[in-house]
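J.: Hints are included, so try docking the two chains, each in its own frame, into the full complex.
Protein chains in written order, with our numbering: chain R, -12 to 291; chain E, 1456 to 1738.
No wet-lab data here; the hints were simulated from the structure. Think of the CB as a built atom: it goes at the ideal place given N, C-alpha and C, for glycine as much as any other residue. You can take every hint at face value.
Dumping the calculated DSSO-like pairs for lysine-lysine here, alpha-carbon to alpha-carbon at most 30 Å: (1) R/Lys0 to R/Lys280; (2) E/Lys1671 to E/Lys1721; (3) E/Lys1495 to E/Lys1485; (4) E/Lys1721 to R/Lys76; (5) R/Lys(-11) to R/Lys275; (6) R/Lys76 to E/Lys1726.
Per the computed footprint, the stretches of chain E lying under chain R, defined by three or more beta-carbons under 8 Å from a beta-carbon of chain R, are: (7) 1478 to 1485; (8) 1515 to 1522.
Between beta-carbon pairs, the in silico distance windows are: (9) R/Lys273 to E/Leu1738: 49 to 55 Å; (10) R/Glu36 to E/Ser1595: 49 to 55 Å; (11) R/Pro73 to E/Asp1632: 42 to 48 Å.
The lines below spell out each chain.
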Amino acid sequence: MKLGIRLGRMRMKNPTMLASGILCNGSLLKRAAVEGGAGAVVTKSLTREVREGYPTPVVVGVDCGVINAVGLANQGFASYLSEDLPLAKEGRVPVIVSVAAGRVEEFEEICVRAEEAGADAVELNLSCPHVEGHGMEVGADPAAVSRIVKDLAGVMKIPVHVKLGLSDRMIESAVAAEAAGAEAVVAINTIRAMAIDVDARRPVLTNVYGGLSGPAIHPIALRCVFELYRELSIPVIGCGGVSDWRTALDFLMAGASAVQVGSALAVRGIGIFREIEEGIRRYLVKNKFSSVKEVIGIAHGVKR
Amino acid sequence: MLPENSGRQGGGVEGALSYSDFRFRPARIKKVVAESPKVKSFYLEVREGELPRPGQFYMVWLPGHEEVPMSASDAGADFIRITVSREGETTAQFHRLRRGDSLFLRGPFGNGFSLEGKSFLLVSGGYGAAPLIFAAKEISRAGGRCTYLSGAKNRSELLFLGELRRLGVEPLVATEDGSAGHRGLVTDLVDAVLPRGKYQRVLTCGPELMMYEVVKRAVGRGIKVQASLERYMKCGFGLCGSCVLDPVGLRVCCDGPVFDGELLLKTDFGKRRREASGAGVSL
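Just chain E, with the same shape it has in the complex (with noise of 0.2 Å):
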């Protein structure tokens, strides 16, 4: 029932999580980027030979407000990266933090993208470019190629168009008031670039809406795709079970946050999420 690429948790397996995987640690901050009016990416020190994979997740606790999940959007042999999107509270908080502050992390968790393969179509929509653009770093690393999607409400919205062009790839981009790009949705650009391309996967991060249609998109033409999830969390790692996609009993936490397209199909991805009293509203 599983995804191939399940998360750590699990009976008995290399890497098994122990409870204290379940405690706060301090990560100092090293350095602030503000990537657009919104959004903000912190570099965080961190544990030495710690590397998460692209599209795992920290539960991230500033003292005094909420704690939240957040992708890590890169990591390197002495920082990791996460890109805060200022969308409420909390996260206003968080960009209020300058370099020398302190965040406090749980995490790594999750499964991650799998990147086996080629050739890579990548679909971000808004501040879901930050798994993406993780996950474009590993594949050009692995001498892999890849076409890069990225969507947004308009042009200060895009996210690391920069960083991308130094991998070598060049992004199409998406606006939906046209002031960069193409004027319209980033799935106007799916559909142009799918039939022509020979993909051999398709990952997706972005609003549930724009994953579910780059989902069906990419099953439809019987290609492989993985969305990176997100959801209201408790826990984190797969005890209080907020974060279920239903009826297949899937948690976004441990099983995900990255689902096989096929199997997020047969879920209420895309219809139906919980809220944090586990009431189901739809999307």
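Same shape as in the complex, but just chain R (with noise of 0.2 Å):
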């Protein structure tokens, strides 16, 4: 049974993805690749300038997932790309790097470098819930969407895919960067949000705000994932509350050619996407199903 996909230009060996900020670390990414099993990795998300993040707590969980508002921390795009990209590299499938800027041009700085520096596609972040001015303001506005993506699709031979968070112009942006020349859209990333402690009677997290990731966002993702697939035609990556081969399975029905998996790492282990490669594998096997392309967008009823 084949599980490999093509994401535009890009080919993965299975659909399952690290999603950008967990792992974080040239190394792990590898070892998400050579021992989790991932079809495809994703950085943190880097920046021009280098970033401390904010102080702790950054990280809290709920009852059913995580809230985080880790503030973009990063060594800085020039050093996460010398030092952590090469070993990325190593774990031998795509890597795709995870850029956040406040402005078109540092964007542009940073994802030349990224495509020298040997990344297999850059991932627009715009739609960090928890810094200001580096994300969700800018996914929510489609004509920044455009220009930003426009900008990049101009000078870039690696694909650009553009991770867009729930707003309520979402749609209007991923036509947007589809009419950029983006060549995959990435739905979600986390929901702003937060955590109130009422022993301490205070919030949780030092930047007070953060994104809520995990299962309690997966339906939201999943509906986002299928009204997507309806207006786009380049493929959708769905990202938010993947926990096991059904919560991926659903959003491949919904739509995605892809999963990114994020927060479930911290509760089921790097072996995750195994796992999930080795439930679908199963689910289709026992369905009679030929590859897994053939149950992309299937929820819709009728073929694209």
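T.: And the structure:
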């Protein structure tokens, strides 16, 4: 049973990806690929400057997921691309460099350098819910999305993916991204949220607001993917609350060509990618499908 | 690739974690003990049935301040103990707490020491004594023998000597200023005792360069050695990757914090660590 898929010009041995901001560093991205079985890995979001991130606590569990406000901590794109990207590439699966920036020129500088350093694609983080001026406002503004993607698509040889968050204008932004030359849309990012500790009587996260991920957001993400599949002809990558093969497969059925996995690593371990792959394989065999492509978008009832 | 005594994280294994394990819970302080001018122990009330293993740690938060990883230094039916050295702003705030105040915990996280065997050499440096005194208690309880080497800058920073003696363990001491025991480094004591004793395992915790020397000596003699590492952590449960050991990709929080020495020598242990941004710095 073949689980390989194509994501625009990118080929993956299976439809699972490590989501941005999880494991983060090069040697762990390699481990997600080699030991975990991920079909592709995404780096943490790189910025132009070194960012320490917010003071702890920056991550906290809730009933059905995790809320984080790490604050786009990273060593700056130059250091990451020279020290971590080569290690990540030893995993021998596509490595997608996530990029966060405040201005078009910053996006361009980092993306071009990522391409030179050997990235297989870039993923524009237009949806970080906890750093001002670095995402959510941009992703919710179709004209801004169009400007950034058009600029990059004009200079990049590798694919440009756009990661959008939950917003009223998500569909418009996705359509704008496609028209401007994006090769895939990732939906969704974490959803702006918070946690209050009743014993401490205060917000838990130092930044107060963070992004909710995990099983709690899966049905919302699923709806987004379903809607995007109807509006787009480029591939959609589902992200949000994938915990096992079922929550990966329902994303595929809604129209995702691949899925990203993040928070579930905390409870299922790095081997979750292989677990998902095996679960999907068993389902496909049992139900007499001949490839994973046959289930992509199947929940829409009509073949596209 | 993982050490045999890897932490709880993992696919569907017994005792696997759930998201609510990553919440904080309050733990009331039952008792505060000054262990040295710089170090205090806090005895905390805990949930029924909760027993960390020696080497496991908690993420400890004081609301209004930061959250820091802390090894358990002892545990009993109704308490756990953490031992805090005053190193910065957050730990200074911890030191102002009194009986009846609360700290907020997540955990216990991580794997802990493997304590199979009968004959141990424990090598502690500074506040690295915290998980080792706990290990010494477990070893004694199980009928094992241990030699305990304790190093510190000076006499007043030597920790838990009385507790060790009550366990029947006579600690060998080294101080940098010679105010107690051997004048010099604890690794000098390691050089003196390691060739003579028949140790099945060496356990160490302390400054990383000290542990690196201990690990090299033990591995060189073919003796199993485990070190408990300290790294900057953001989440404590394996998601953020901040505490990674390169190039193997081991996370101190959930693949450790205790690692086998042979595995550590394949990493940047003793050479490099990552800061909060992820940037690497030489030790």
